[in-house]
Amino acid sequence: MSVMDQQSGMFKVQQTIGSVLCCKCGVPMPPNAANMCVNCLRSEVDITEGLQKSIQIFYCPECGCYLQPPKTWIKAQWESKELLTFCIKRLKNLNKVKLKNAEFVWTEPHSKRIKVKLTVQAEVLNGAVLEQSYPVEYTVRDNLCESCSRFQANPDQWVASVQLRQHVSHRRTFFYLEQLILRHDAASRAIRIQQVDQGIDFFFGNKSHANSFVEFLRKVVPIEYRQDQQLVSHDVKSSLYNYKYTYSVKICPICREDLVCLPQKVASGLGNLGPLVVCTKVSDNITLLDPRTLRCAFLDARQYWRSGFRSALTSRQLVKYFVFDVEPPVGEATVGGQKYALSYVQIARESDIGKMFYVQTHLGHILKPGDQALGYDIYGANVNDNEMEKYRLSVKNGLPEAILIKKCYDEHRERKQKKTRSWKVKKLPMEVDDSRGRVDPEKNEKEYEEFLRDLEENPELRFNISLYRNKDYQESETASMTDGEGAPSVPIEELLAELDLSAEEEEDDDEEDMAE
Amino acid sequence: MAIRLQYDNNTCEIGVYSKLTNAYCLVSSTSGSTNFFSGFASKLRGVIPIVMTSIGESGTIGTLCVGKKNGLLLPHTTTDQQVQHLRDSLPDRVLVQRTEEPLCALGNAIACNDYFALVHPKLEKETEEIITDVLGVEVFRQTIANNELVGSYCSLSNKGGMVHPDTKVEEMEELASLVQVPLVAGTVNRGSPAISAGLTVNDWTAFCGSDTTSIELSVVNSIFKPIESHPDFVIGDLRKPFIDTYV
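First to last, the protein sequences are chains A and B. Following the UniProt record's numbering from start to finish, the first sequence increments by one per residue and tops out at 516. Following the UniProt record's numbering from start to finish, the second sequence increments by one per residue and tops out at 247.
Hint data in this document are derived by calculation from the structure and do not stem from the laboratory. Even for Gly, the Cβ is constructed at its ideal location relative to N, Cα and C. Be aware that one or more of the hints could be misleading.
What the hints assert, rightly or not - Pairs of lysine to aspartate or glutamate residues, derived as DMTMM-like cross-links and limited to a Cα-Cα distance of at most 20 Å, are as follows: (1) Lys427(A) to Glu49(A); (2) Lys159(B) to Asp203(B); (3) Lys12(A) to Glu174(B); (4) Lys117(A) to Glu137(A); (5) Lys426(A) to Glu457(A); (6) Lys407(A) to Asp377(A); (7) Lys12(A) to Glu170(B); (8) Lys12(A) to Asp203(B); (9) Lys320(A) to Asp410(A).
What the hints assert, rightly or not - To give an idea of the chain A side of the interface with chain B (calculated C-beta under 8 Å), a few residues: (10) Val20; (11) Leu21; (12) Gly127.
Build out the structure end to end from the sequences listed, making use of the hints.
This is the structure we're talking about:
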């Protein structure tokens, strides 16, 4: 008795389903629409009649794709859900019956056969529903897909290239960008990546891939780009044009820690900021901080490229200072999550300790007497910048003698003598192009080391990139003994979080080790 | 033994085109060949009258009329000539009556043997009285396996009855206690639940549609127990000389 009947309080006679004899074999059975037992029904009608039992499918062994006629290639793993969907879609006439279930029957991968067991339902003889399962055999034939066969013929055949350039003397931006690209898997469709002087070239097999890559770049760095195309071939009869596309992408030359003297127009546009400012961060917009007032401003790519100013001094011209005295902060500010304190400090250059300077700095919160700091020696530097020159002439008191940029941890690092890090980063598979300018491997290595050090010191930089545990690293006793005074390093928690993401990869590595 | 028959070519719904009772047999006159008639005649000739007729313009006499040993009810579509023809052809004790029942497919609406009748629940009150008077039976308004067309899904004789295969056990018990003969759920014509279309019976013979399987035939035989070769008064005639000899 159903719940509803109980609720309504109706009396319901219990009903027992009787049995009739199957009209063919005489077996007692509960009545059905055909009044025939299942076995007799099966022998009478075959609902799989007219359905395909064997079929040929094409597989590209290069990229692991299956051909969905007429032209689409679908990527699918062996015995995956996608492959099953693909296999079922390839069957004709399947809409005449109702598909109830489908599963793979195991076959030897080398047999080039896929077997799928399908269970179908159909209505037979006065509305009786019959279910039947049958195997379908797919013969897998190897056939290179269009893009693979083109690639096989000439691996370098690219359709679109992205020429990424930054006209500065170092490659730091590209090291950071490489990590961002890896993190977001943005260049996974690149055919070839080539490291060239002052930049990287990315080659793509498809224009849209290059397009989306440029879009990605636009979101992470302030860029300016133009697109050009070159006619490769032309079919007059069918009016087909074959182009090669080139995207020339320029990254803004202002880098983190650069000293900029803003042009008069830009400075007044930003509310009379600076004009002597420090760039503290470069993402899709540029963060500029005036170290003497702690005021800051953001410039997006469009705003920047309107004036296109350059930095007066770059991080390669940083000079080491000794800090002798730090006065209590006279002001504090927080810019983009980073705290700054305005203080007066007494400093002297490492190279000329006799000459003392009394300057303002935005690093009052971290500097202590006895520390070392890196900064720009405007007093001694031969600045070759028109804006700076104009500014020097316009102010009465003259320029500040020095502008400190960051605290220097060299001393601690030397004391620790740490050779390897507890973490590592991945690298893009990049070829080096020597044709246009010799790349100095030593300089490159030094810059890379600097970049890694930056990562350690700056948690904000680490935020966007993936660090992996370095398995070669053995923690030394001295390292674990160091107190909080030491140079900043990457906390193990951050690595662990990344470990989860790359757990599978780690396992793979383990397996490889075992195999060895 | 029940006999397999077929109407014209490949039509196995013989119950639709014929009406068999203990006292007479009606056969549709619209058949293209005489095979259908001779099928009945082979078994019934000389025993009961076999009358060829049609009702109105239709040959589906089995679904349109209902009759028993001592009466025959015709729907209002029957013409006067047809009524007269039937009155002339049938034995005198058979009452032939035309009804004004709106459900004019009487054969589908009414299932009866010589003592009881199961009728469509929405049958007119007057028709019910006419059935009682003309056929001389007790009338019960019933459904079989939730079907109101009791005449289609049930075949009754004085010895037994066959009902729709979906009939529940309890329902079957109830029906059996009403008509007071054993009932069985079964099929004819290779699994068809339309019993009276594929099967026409009286107390000593049974005719089935040509698609009926041997399994179904054996069910029919076991419940209606048709006599092997000849009706019982034929045997009675034969028996006399034997008894004479032995006595």
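Here is what the structure says about each hint:
1. Lys427(A) to Glu49(A): violated (57 Å)
2. Lys159(B) to Asp203(B): Since the Cα atoms of lysine 159(B) and aspartate 203(B) sit roughly 6 Å apart, the hinted pair holds (cutoff 20 Å).
3. Lys12(A) to Glu174(B): At roughly 15 Å apart (the allowed maximum being 20 Å), glutamate 174(B) and lysine 12(A) satisfy the hint.
4. Lys117(A) to Glu137(A): With a Cα-Cα distance of about 9 Å, the restraint between lysine 117(A) and glutamate 137(A) holds, given a limit of 20 Å.
5. Lys426(A) to Glu457(A): holds (19 Å)
6. Lys407(A) to Asp377(A): holds (15 Å)
7. Lys12(A) to Glu170(B): Holds, at roughly 12 Å.
8. Lys12(A) to Asp203(B): violated (37 Å)
9. Lys320(A) to Asp410(A): holds (10 Å)
10. Val20: Hint holds; valine 20(A) Cβ to chain B Cβ min 4 Å, cut 8 Å.
11. Leu21: holds (6 Å)
12. Gly127: Hint violated; glycine 127(A) Cβ to chain B Cβ min 11 Å, cut 8 Å.
Going through the hint list in order, the structure does not satisfy hints 1, 8 and 12.
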